[in-house]
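Residue numbers (my numbering), protein chains in the order written: chain R, 8 to 473; chain E, 23 to 292.
Treat the hints with care, as some may be off.
To be verified - Some but not every residue of chain R turned toward chain E, in silico, with C-beta under 7 Å: (1) Leu-53; (2) Pro-100; (3) Gly-260; (4) His-311; (5) Gln-462; (6) Arg-463; (7) Asp-467.
What the hints assert, rightly or not - Derived list of chain E stretches under chain R, where covered just means 3 residues or more per stretch with a C-beta under 8 Å from a C-beta of chain R: (8) 100-106; (9) 143-154; (10) 222-232; (11) 277-284.
Since the hints were derived computationally from the structure, they do not count as laboratory data.
Note that the coordinates shown come from a computational prediction; the quantities given were computed from them, not determined experimentally.
Note that beta-carbon positions come from the ideal geometry of N, C-alpha and C, so glycine has one too.
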Amino acid sequence: MSTDPGYDANGTLPLTRDGRAVSDRGGTVCVIGAGASGLAAVKNLLEHGFGVDCYERETGVGGAWNWRHDRSPVSAGTHLISSKPMSQYPDFPMPDAWPDYPAHGLVLSYLERYAEHFELKPHVWFGTEVVRVEPAGGDRWDVTTRSTGGCGSQRTSRYAAVVVANGHNWAPRMPAYEGQESYRGEIIHGSAYKEPNQVRGRKVLVVGGGNTGCDIAVEAATHAARCWHSTRRGYWYAPKYLMGRPTDQVNAGVLRWRLPLWLRQRLMHRVLRLVVGDLTRFGLPRPDHGVFQSHPIVNGQLLHHVGHGGIRPVPEVARFTRHSVILTDGRELDPDLVVMATGYEPRFEFLDPGLLDRDADGRPRLYLHTFPAAQPTLAVAGLVQPDSGVLPLAHWQSVAFARWLRLREAAPQRAARFRERVSGGARGRWKDATPTDSPRHWFEVSHDVYLRELQRALDDLKAVPA
Amino acid sequence: MSGGTRIIRSREWARPPAPVRREVRRALPAGDEGKPPLLFVPGFGSGAGAFAEHWLDHAAGRGFPAYAVSPRGHGLSAPGPGATLREYAHDVVQEAAALPRRAVLVGHGAGALVVAYGLARYPARAAVLVSPVLGGFGPLRAALARNPFGTVPALFGGPLRLSRRQLFSRELPEHLADEYADRRGRASARAQWQLLRHRPPEPAVGDPPVLVAGSPDDRVVPAKALTEAARRYGGAPLLFPGMGHELMLDARWREPIDAILDWLDKGSVL
Ligand SMILES: Cc1cc2nc3c(=O)[nH]c(=O)nc-3n(C[C@H](O)[C@H](O)[C@H](O)COP(=O)(O)OP(=O)(O)OC[C@H]3O[C@@H](n4cnc5c(N)ncnc54)[C@H](O)[C@@H]3O)c2cc1C
Ligand SMILES: NC(=O)c1ccc[n+]([C@@H]2O[C@H](COP(=O)([O-])OP(=O)(O)OC[C@H]3O[C@@H](n4cnc5c(N)ncnc54)[C@H](OP(=O)(O)O)[C@@H]3O)[C@@H](O)[C@H]2O)c1
Chain R
8 MSTDPGYDAN
18 GTLPLTRDGR
28 AVSDRGGTVC
38 VIGAGASGLA
48 AVKNLLEHGF
58 GVDCYERETG
68 VGGAWNWRHD
78 RSPVSAGTHL
88 ISSKPMSQYP
98 DFPMPDAWPD
108 YPAHGLVLSY
118 LERYAEHFEL
128 KPHVWFGTEV
138 VRVEPAGGDR
148 WDVTTRSTGG
158 CGSQRTSRYA
168 AVVVANGHNW
178 APRMPAYEGQ
188 ESYRGEIIHG
198 SAYKEPNQVR
208 GRKVLVVGGG
218 NTGCDIAVEA
228 ATHAARCWHS
238 TRRGYWYAPK
248 YLMGRPTDQV
258 NAGVLRWRLP
268 LWLRQRLMHR
278 VLRLVVGDLT
288 RFGLPRPDHG
298 VFQSHPIVNG
308 QLLHHVGHGG
318 IRPVPEVARF
328 TRHSVILTDG
338 RELDPDLVVM
348 ATGYEPRFEF
358 LDPGLLDRDA
368 DGRPRLYLHT
378 FPAAQPTLAV
388 AGLVQPDSGV
398 LPLAHWQSVA
408 FARWLRLREA
418 APQRAARFRE
428 RVSGGARGRW
438 KDATPTDSPR
448 HWFEVSHDVY
458 LRELQRALDD
468 LKAVPA
Chain E
23 MSGGTRIIRS
33 REWARPPAPV
43 RREVRRALPA
53 GDEGKPPLLF
63 VPGFGSGAGA
73 FAEHWLDHAA
83 GRGFPAYAVS
93 PRGHGLSAPG
103 PGATLREYAH
113 DVVQEAAALP
123 RRAVLVGHGA
133 GALVVAYGLA
143 RYPARAAVLV
153 SPVLGGFGPL
163 RAALARNPFG
173 TVPALFGGPL
183 RLSRRQLFSR
193 ELPEHLADEY
203 ADRRGRASAR
213 AQWQLLRHRP
223 PEPAVGDPPV
233 LVAGSPDDRV
243 VPAKALTEAA
253 RRYGGAPLLF
263 PGMGHELMLD
273 ARWREPIDAI
283 LDWLDKGSVL
């Protein structure tokens with residue numbers, strides 16, 4: 008008798024391709040990560056009747072917002088930049104009693120309450136890291152895990168589908184300037200900045216004009232001995248409030264008029280000119296792009312501190328010497344600490360690159376940044392950078408995936424329509440304004456354009472009446 | 023219910039309802055029996071107090087953590103002069119999400135319509151629509167026929183006055199019926215109008231089981247409307263003949279709440 012090569016000698020336990028034993032989890036779906044996107048996936052899959060195993064390398068939920076996590080990018084002073092209605096899950100509002108822009112601790116307690124409320128924790132394996140995800144044939148997946156940090160043995164389980172929700176704000180993107188290695192001062196990445204003590208009394212150079220760079224520069228303005236802020240281009244700085252209302256809510260109101268982009272841009276340029284004014288007066292470079300063409304910076308305090316002299320705007324770094332930093336305009340600075348707030352790179356070490364249809368630059372090309380064309384039972388959740396909150400988008404992504412998994416059993420023809428969308432839309436952008444040439448914008452989306460397409464997908468996937 | 027779930031909610035993003043102070047009444051069981059919390063939502067003109075009279079304690083006695091919320095402008099909640107169904111539903115969903123576990127929403131009268139709106143914004147574990155007033159012109163015709171003097175002013179923005187005999191059966195002692203009727207306030211004029219004309223609620227999220235309960239002798243909600251409401255959610259109504267509109271205050275208040283709790287106990291809800 009010959010046993011099926013996919014099974015062990017007794018023909019009972021299935022095996023991975025390289026012969027390890029697999030525990031078969033049947034129709035259960037695996038979710039990787041219990042941050043905001045993973046939790047939404049767990050909840051929505053359960054709601055659609057699936058069994059779910061979620062693996063989380065940390066010991067608690069909340070991902071980026073749990074600042075006890077060693078890879079959390081938030082610092083003591085982090086507050087949301089998207090206001091509550093744009094930030095919350097669409098079916099679990101943040102409390103009315105909370106401020107417009109909750110601090111990171113509140114966001115964490117929100118995610119913990121979400122997990123409590125929907126009883127998600129029994130489905131999460133904490134302290135467990137996913138190290139490999141491999142196709143197992145028949146659109147199923149072998150997921151190999153171990154306890155975080157690598158001690159102990161590995162286990163492999165077979166799943167009907169996998170949601171990758173491992174977050175994209177934890178692997179630092181570090182620039183490499185000439186002379187940087189032999190520089191004698193301290194260089195850290197923005198993610199390692201946790202609290203003002205780190206800059207107190209020191210001369211600090213903050214590199215990078217994203218929200219992280221601006222937040223850190225503002226803190227350094229009040230706590231450091233001196234703060235230079237280096238950006239390689241000019242930006243638009245949106246305040247948190249316009250006319251007493253959260254800026255994103257005002258913008259959402261403008262979007263309701265469905266004006267053409269050029270007109271909305273003109274309008275916003277006008278408003279920012281009136282409210283914020285001419286940036287070059289502050290010694291900042293003029294933006295080299297229109298508003299909406301770069302990931303929004305929401306920071307009402309930066310210019311205030313520039314005006315007080317607490318922040319000195321400087322151009323891009325050219326190179327390092329052993330004891331100083333030379334800027335592109337030839338100026339020489341002597342900081343004690345350089346903070347590289349230069350962003351993050353998405354990483355999927357546990358997945359073979361081909362599975363996510365990565366392009367020449369290694370970037371996944373997925374329909375709605377969620378669905379790979381060739382892998383019907385694989386989805387990525389939360390891999391978007393919207394001009395709004397991430398949670399609403401991540402929520403609907405997992406609803407769409409859950410509906411799709413259901414529909415492909417129940418009504419294969421209707422399901423086929425969705426697959427056409429997926430293969431046709433893999434190169435979409437879902438962004439109205441053409442973004443700057445910065446590589447960080449490859450997954451930047453306009454929330455309204457994005458959700459409009461997701462709405463179409465969801466409509467295709469509407470449950471078949473029983 | 024009609025159409026699909028709308029995921030672009032510009033209005034809700036641009037103009038979220040103003041936060042208000044809300045009255046919440048509660049009765050909690052002695053120990054946690056693992057039963058889901060119930061959130062009761064009163065109809066127009068009524069407040070959480072209507073459930074505090076009997077139903078909250080009774081539900082708690084049977085092991086259910088029981089809560090009731092007064093939407094803005096009702097009971098002891100802060101005023102809500104221009105409030106619409108959207109604001110009322112917001113108040114309900116806010117309180118539901120504040121509960122420790124996924125809640126069952128129980129709406130009475132027009133509170134059932136508020137619950138139907140809420141179900142599109144919160145995946146309740148289950149919902150119960152008690153003597154539901156889901157709006158439209160049918161109930162208006164019935165109200166005009168039964169109580170023209172209480173109804174006509176509402177058409178001009180005045181309060182809708184329901185008479186004692188519309189609300190309660192004759193079994194309820196007269197002094198109680200008077201007292202309960204006197205306690206009633208009013209919904210905002212805009213919300214009253216919306217009872218006649220509103221965008222139908224989006225489908226419930228999370229596909230909760232929905233039970234409809236009422237009395238065939240209700241003088242506000244015709245029996246036909248009960249059957250129709252139940253059919254919309256794929257079932258038949260639970261009927262309590264001989265009772266008035268206010269099932270939670272009428273003389274035989276115990277029967278409907280027991281039947282509702284039995285349904286929850288038995289159903290796949292737990
Ligand atoms: C400083 C900062 C501020 C932000 N402000 C806002 C804001 O104002 N509004 C907004 O909407 N968004 C904001 N964001 C975006 C933020 O990323 C999202 O709000 C949200 O945290 C994304 O959740 P996620 O679940 O996709 O990723 P994460 O929160 O990163 O969660 C991923 C989880 O997966 C786990 N994990 C990763 N790899 C593995 C593995 N191999 N095995 C097991 N588990 C794994 C991680 O431990 C983590 O818990 C901000 C981000 C940063 C960095
Ligand atoms: N308060 C908050 O809520 C908050 C705080 C921080 C971050 N966030 C969010 O977290 C995410 C990450 O933000 P982030 O600010 O850390 O990263 P980011 O948005 O990727 O911004 C990185 C910044 O560094 C610059 N940069 C990148 N590589 C560089 C290089 N080699 N040399 C010089 N400059 C370089 C970029 O310039 P270019 O413009 O040229 O690319 C950009 O200004 C964003 O979604 C952001 O909104 C939110």
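Each hint tested on the structure:
1. Leu-53: Cβ of Leu-53 (chain R) sits 10 Å from chain E, so the hint is violated.
2. Pro-100: With a minimum Cβ separation of about 6 Å from chain E (threshold 7 Å), the hint on Pro-100 (chain R) holds.
3. Gly-260: Status holds, d = 4 Å.
4. His-311: Violated, because the Cβ-Cβ distance from His-311 (chain R) to chain E comes to roughly 27 Å (cut-off 7 Å).
5. Gln-462: holds, 5 Å
6. Arg-463: Nearest chain E Cβ about 10 Å off; hint violated.
7. Asp-467: violated, 10 Å
8. 100-106: violated (count 0)
9. 143-154: Holds: 3 residues of the stretch 143-154 of chain E have a Cβ under 8 Å from chain R.
10. 222-232: Satisfied; 3 residues make the cut.
11. 277-284: Per the Cβ count (0), the hint is violated.
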